[in-house]
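So the sequences go chain by chain: A and H. Heads up: the first sequence runs through residues 1 to 290, numbered per the numbering used here. Heads up: the second sequence runs through residues 1 to 386, numbered per the numbering used here.
Don't read these hints as lab results, they were simulated from the structure. Honestly, I wouldn't trust all of these hints.
[What the hints assert, rightly or not] Straight-line distance between alpha carbons at most 25 Å, and here's what the computed SDA-like set of lysine to any residue pairs gives:
hint, chain 1, residue 1, chain 2, residue 2
1, A, K255, H, E135
2, H, K58, H, Y15
3, H, K300, A, P240
4, H, K111, A, E260
5, H, K355, H, R324
6, A, K79, H, S147
7, H, K238, H, S147
8, H, K111, A, E225
[Unchecked claim] Partial chain A-side listing against chain H, Cβ under 10 Å, derived:
hint, residue
9, F100
10, G180
11, I226
12, P229
[Said to hold, decoys possible] Covered by chain A, according to a simulated footprint, are these stretches of chain H (three or more residues, beta-carbon under 8 Å):
hint, segment
13, 53-67
14, 141-147
15, 208-215
16, 264-278
Just so you know, even glycine gets a beta-carbon here, dropped at the ideal spot from N, CA and C.
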Amino acid sequence: MAILVDKETRVLVQGITGQIGSFQTKIMKEAGTKVVAGVTPGKGGEEVHGVPVYDFIEEALEEHSFDAIINFVPARFAKDAAFEAIESEVPFLVITAEGFPAQDIMRVIAYAVNKGVHILGPDTPGVVSPGKCKLGVHPERMLVEGRVGVLSRSGALSYEACKALSEGGYGQSTVVGIGGGPLWGLREKEVLKMFDADPETKVIVLLGEVGGTMEQEAAEIISNEITTPVVALIVGKAAPRGAQMGHAGAIVEGKEGTAEYKVNLLREAGAYVAESPDGILKVIDQMEVI
Amino acid sequence: MRLLEYQGKKLFEDYNIPVPKSQLVRNLKEDEVELLPESESLIPGVLKAQVPVGGRGKAGGVKKVSTYQQAKKLVRDLLSSEIKGFPVGAVLIEEELEIERELYFGLLLNKSETCITAIASSAGGVDIERVAEEEPEKITQLNVDPSLGLQDYMIRYLAKRIGLKSQLSVFREIARSMYEMFIERDATLVEINPLAETTEGLIALDSKILLDDAASYRHGEEYSKLKNERFLPEEERKTRAERLAEELGITYVQLEGNVGLISDGAGTGMLTLDEITDAGGKPANFCEMGGEANAEVTEKSLEVVLANSEVESLLITLIGGLTRMDEIAEGIVEYVRENGEPIPFVVRMCGTKEKEGKSMLADIGIDTFDNHREAVETAVRMAEEE
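So that you can see chain A by itself, here it is in the shape it has in the complex:
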């Protein structure tokens, strides 16, 4: 078990002939991911690292079955690609593009909800279950198979946390990149529920940041539904108001967007709060659940 992906997940890559799409296809295959097909308009008939390329998803569907799509298409063209992916009713779509116009991603997410498709992203490194399936760009060398579920709004911060966990002897069940925004498909609360239902996950690490309301929603779910222990780290205490801290969604507006506000809510909800990746390790050490 793991969440969102497993050993059997078959993957289609959108934008497979692009520089990033092609390189990441190679890395994903090396990590054991079953990449069955790729799509780039106008490049049908080509092959990328042994993966057949089609002009349309519909054409790929005539030859293959797949369970997930990862979209490496740049922001300006990603909406079109995302609609095509959702139309195919694939259950799970990862959107990596950064700089997605807000109204475009709003429509994409609304359409996905109508079609029952889960979207991860945008601006996400994707999802990886170490030793099983990698649907994204997480660096393998920091990951070890294990029992900690990690979800994060920031790619690099999840690598940092996974490095600390792996070095401290705690592997990961699944590492999920929620994405940098400006809007989100799967939100923290939904991924928390998935981890809670996963028998393999014994501890959940929530890596949040300033801006928006996702951690507030997470606190509510943690307080009401989640039985698995949650360790939270919220970054951006030192972030000034109104400044955009690298991510489209990381901007402190009003008191509810601050790290302090979020930390207090999470603590009240019963989550353990750590101040650093090493701190997360110490908290898990003390729990003795793994």
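Got chain A sorted already, so can you dock chain H onto it with the hints?
Showing chain H alone in chain A's frame:
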């Protein structure tokens, strides 16, 4: 991008949303303020400083005037003043209207509900967040399904909740137009506060519009025109490092401390800011290179961060997702070869090709760390010693 009030009102006019008669006055040349003759007909009226910030009334940016002479003097005063830290680049002279009631109407891209939310309130003219806290019963919110758009029944419902009866058809036209404008212009917020009920109908007394920068490529010249017509001497107010960052396309936020920072991710950058603060230091900036940094981006980031003369030590913290450490090291070596190492560099390097990267840095005498906390503490200590 936040538009100025007058720009928003121009857009309102384009969409047939009623606004008061007005005249924009700018400081065209030093010491020369000319009120146009037409503006005489607007007096008695209201002078409004055009600054991209809320609460300008309380800060002295809105003034009533009863004579032309008085208007002339006050316009000159406003044009040479600052409101909440923003120099006033233009003043709007507006006719004064007889108002029966002040309402609120807004459309917002709702990041929590992933839709456009229409908000109407029977209490306008004040901070909507405060009304929401103190008198929530006066506010009605309605989430609009993106595939439906704002439908007439929704508009009728909002109108009823804020007590509009005879003016329903005007409100419907305003709401429809505003929604159309929200979509066409890639807005994330369009707000009329107050929306005034007068004997002559509903009229937008103020405007607040935020446009989505990520969609600016779709609006080409229109967008740059709006940006230029904000008359904000932003360039002069920016620090050297901020200007350089914009020019080189580097994500950079200047802060007030002396520990410089470069990270290869937004989350790790924010984490490191917090850790510098926890270790008793003061970060000089936030600067993240993104997931695909290379030698060139590293060199540019170094240029930007070190353009701030307050920086006493520099912490470079790398975890390397897609990034290759040998490439980052190449950027650092190149920078040091050209500029020397003006202040101590503290590098925490971890990721693909980290061995190669570390040895390249060792060759030019820069020690690297594995442990993040140790690196943070060292950088803070060095800034203190400098």
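Do the hints match the structure? See the list:
With a C-alpha separation of about 19 Å, the suggested pair K255 of chain A and E135 of chain H falls inside the 25 Å cut-off, and the hint holds. Note on K58 of chain H and Y15 of chain H: the hinted pairing is violated, with a Cα-Cα distance of about 30 Å set against a maximum of 25 Å. Simply put, K300 of chain H and P240 of chain A have alpha-carbon atoms about 23 Å apart, close enough for the 25 Å limit, and the pair holds. Straight-line distance between C-alpha atoms of K111 of chain H and E260 of chain A comes to about 20 Å, which keeps the hinted pair within the 25 Å bound.
Distance check on the hinted pair: K355 of chain H and R324 of chain H sit about 11 Å apart at the alpha-carbon level, within 25 Å; holds. Under the criterion of a C-alpha separation no larger than 25 Å, the hint pairing K79 of chain A with S147 of chain H is consistent with the structure, at around 15 Å. As the CA atoms of K238 of chain H and S147 of chain H are separated by approximately 42 Å, the hinted pair breaks the 25 Å bound. Taking the CA atoms of K111 of chain H and E225 of chain A, the gap is about 23 Å. The hint holds against a cut of 25 Å.
Of the supplied interface hints, the one on F100 of chain A holds, with its beta-carbon coming within about 7 Å of a beta-carbon of chain H, less than 10 Å. Of the supplied interface hints, the one on G180 of chain A holds, with its beta-carbon coming within about 7 Å of a beta-carbon of chain H, less than 10 Å. For I226 of chain A, the suggested interface contact is broken, since its CB lies about 19 Å from the closest CB of chain H, more than 10 Å. Taking 10 Å as the C-beta contact cut-off toward chain H, the hint placing P229 of chain A at the interface is violated, the least distance being around 22 Å.
Counting residues of the segment 53-67 of chain H whose CB lies closer than 8 Å to any CB of chain A gives 0, which falls below the minimum of 3, so the coverage claim is violated. A count of 3 residues in the segment 141-147 of chain H with a Cβ less than 8 Å from any Cβ of chain A is obtained; the coverage claim is therefore met, three being the minimum. For the segment 208-215 of chain H, the stated coverage by chain A is satisfied: 3 residues place a CB nearer than 8 Å to a CB of that chain, which reaches the threshold of 3. Counting residues of the segment 264-278 of chain H whose CB lies closer than 8 Å to any CB of chain A gives 14, which reaches the minimum of 3, so the coverage claim holds.
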